[in-house]
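Asker: Sequence:
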Amino acid sequence: MTTPHQLLLQTIIEEAKGQKVDALCTKLLDPATTESRQRVILDCLKTINKTAALNPLEQFRTLKLAKNKEVASRAEEVILALGGLALVAEPEELRSGKIKSYRNPNEEYAEYILIPGGSYLYSVTEKVEHTENLFVAKYPVTNKLYRTFIVSLQSTAPVKSQFTAELTRIAEENFWGPGFGDYLREGKNDLAALLRSKYDEDRKFGGE
1 MTTPHQLLLQ TIIEEAKGQK VDALCTKLLD PATTESRQRV ILDCLKTINK
51 TAALNPLEQF RTLKLAKNKE VASRAEEVIL ALGGLALVAE PEELRSGKIK
101 SYRNPNEEYA EYILIPGGSY LYSVTEKVEH TENLFVAKYP VTNKLYRTFI
151 VSLQSTAPVK SQFTAELTRI AEENFWGPGF GDYLREGKND LAALLRSKYD
201 EDRKFGGE
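At position 17 of the sequence shown the residue is numbered 17 (our numbering), and the sequence of numbers has no breaks.
Check the hints yourself; a few may be wrong.
As the list claims (entries may be wrong) - In silico SDA-like cross-links for lysine to any residue, where the CA-CA straight-line distance does not exceed 25 Å:
{"no.": "1", "residue 1": "K144", "residue 2": "T164"}
{"no.": "2", "residue 1": "K138", "residue 2": "T125"}
{"no.": "3", "residue 1": "K144", "residue 2": "E172"}
{"no.": "4", "residue 1": "K160", "residue 2": "Y112"}
{"no.": "5", "residue 1": "K204", "residue 2": "A192"}
{"no.": "6", "residue 1": "K138", "residue 2": "K127"}
{"no.": "7", "residue 1": "K20", "residue 2": "A110"}
{"no.": "8", "residue 1": "K46", "residue 2": "A110"}
{"no.": "9", "residue 1": "K160", "residue 2": "R147"}
{"no.": "10", "residue 1": "K67", "residue 2": "S36"}
{"no.": "11", "residue 1": "K67", "residue 2": "V124"}
{"no.": "12", "residue 1": "K69", "residue 2": "E172"}
{"no.": "13", "residue 1": "K127", "residue 2": "E172"}
{"no.": "14", "residue 1": "K67", "residue 2": "C25"}
{"no.": "15", "residue 1": "K127", "residue 2": "K144"}
{"no.": "16", "residue 1": "K198", "residue 2": "F163"}
{"no.": "17", "residue 1": "K160", "residue 2": "R203"}
{"no.": "18", "residue 1": "K64", "residue 2": "S119"}
{"no.": "19", "residue 1": "K198", "residue 2": "H130"}
{"no.": "20", "residue 1": "K69", "residue 2": "Y120"}
{"no.": "21", "residue 1": "K144", "residue 2": "K198"}
{"no.": "22", "residue 1": "K138", "residue 2": "K27"}
{"no.": "23", "residue 1": "K20", "residue 2": "A72"}
{"no.": "24", "residue 1": "K64", "residue 2": "L54"}
As the list claims (entries may be wrong) - Here are the in silico distance ranges between beta carbons for each label pair:
{"no.": "25", "residue 1": "S119", "residue 2": "K198", "range": "29 to 39 Å"}
{"no.": "26", "residue 1": "K27", "residue 2": "E186", "range": "56 to 66 Å"}
{"no.": "27", "residue 1": "K144", "residue 2": "Y120", "range": "28 to 38 Å"}
{"no.": "28", "residue 1": "V124", "residue 2": "A32", "range": "49 to 59 Å"}
{"no.": "29", "residue 1": "K69", "residue 2": "Y120", "range": "24 to 34 Å"}
{"no.": "30", "residue 1": "Q59", "residue 2": "A165", "range": "31 to 41 Å"}
{"no.": "31", "residue 1": "D30", "residue 2": "A193", "range": "32 to 42 Å"}
{"no.": "32", "residue 1": "G83", "residue 2": "K138", "range": "34 to 44 Å"}
{"no.": "33", "residue 1": "N49", "residue 2": "E186", "range": "44 to 54 Å"}
{"no.": "34", "residue 1": "V128", "residue 2": "D22", "range": "25 to 35 Å"}
The hints are simulated quantities; they were obtained by calculation from the structure and are not laboratory data.
Every residue, glycine too, gets a C-beta built ideally from N, C-alpha and C.
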């Protein structure tokens, strides 16, 4: 949560001349810096918006100096805002559930968070069912992100073939009912057209 003091500080920084990040970065890399000061420094670095902060920010990440997960997540957001690269998780790490969140490089590094798998009693069949680990987007999908996804379906990139293979597997397993398989077969030659939002040209939904 942004406090009035933080907003005031950011306003002062925005209006200041000759903005420099050296002192802020030095303080950020000091292990003695408190959690609250780490948050304020990160917000200030994002406001100043200078790529000179990228190397210190990446050191902050590598050395794991963030006092908690919230600060670490905020540091990732600032790194991305300044044009840096996000940490990309390996498939084995995702399957193991050892990491709690990751940035998806195919969705402009949108953050996904872990919903741990487990067992539950399915009320319809009254049988115990098991679910695997699942990663869900932390924030709602924007028009901009969804359009990026549609563009990827028009390419010949590996992500398209992987996505098509996964959809085919789901259809074959009848996971979403027989209707999904029929729907997929109708548009398998043009997935982008099949999955594009019908509201995409609607002015009310025309923003990013």
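Asker: Out of the numbered hints, which ones does the structure contradict?
Answerer: 2, 3, 6, 7, 11, 12, 15, 17, 18, 19, 20, 22, 31, 32, 34
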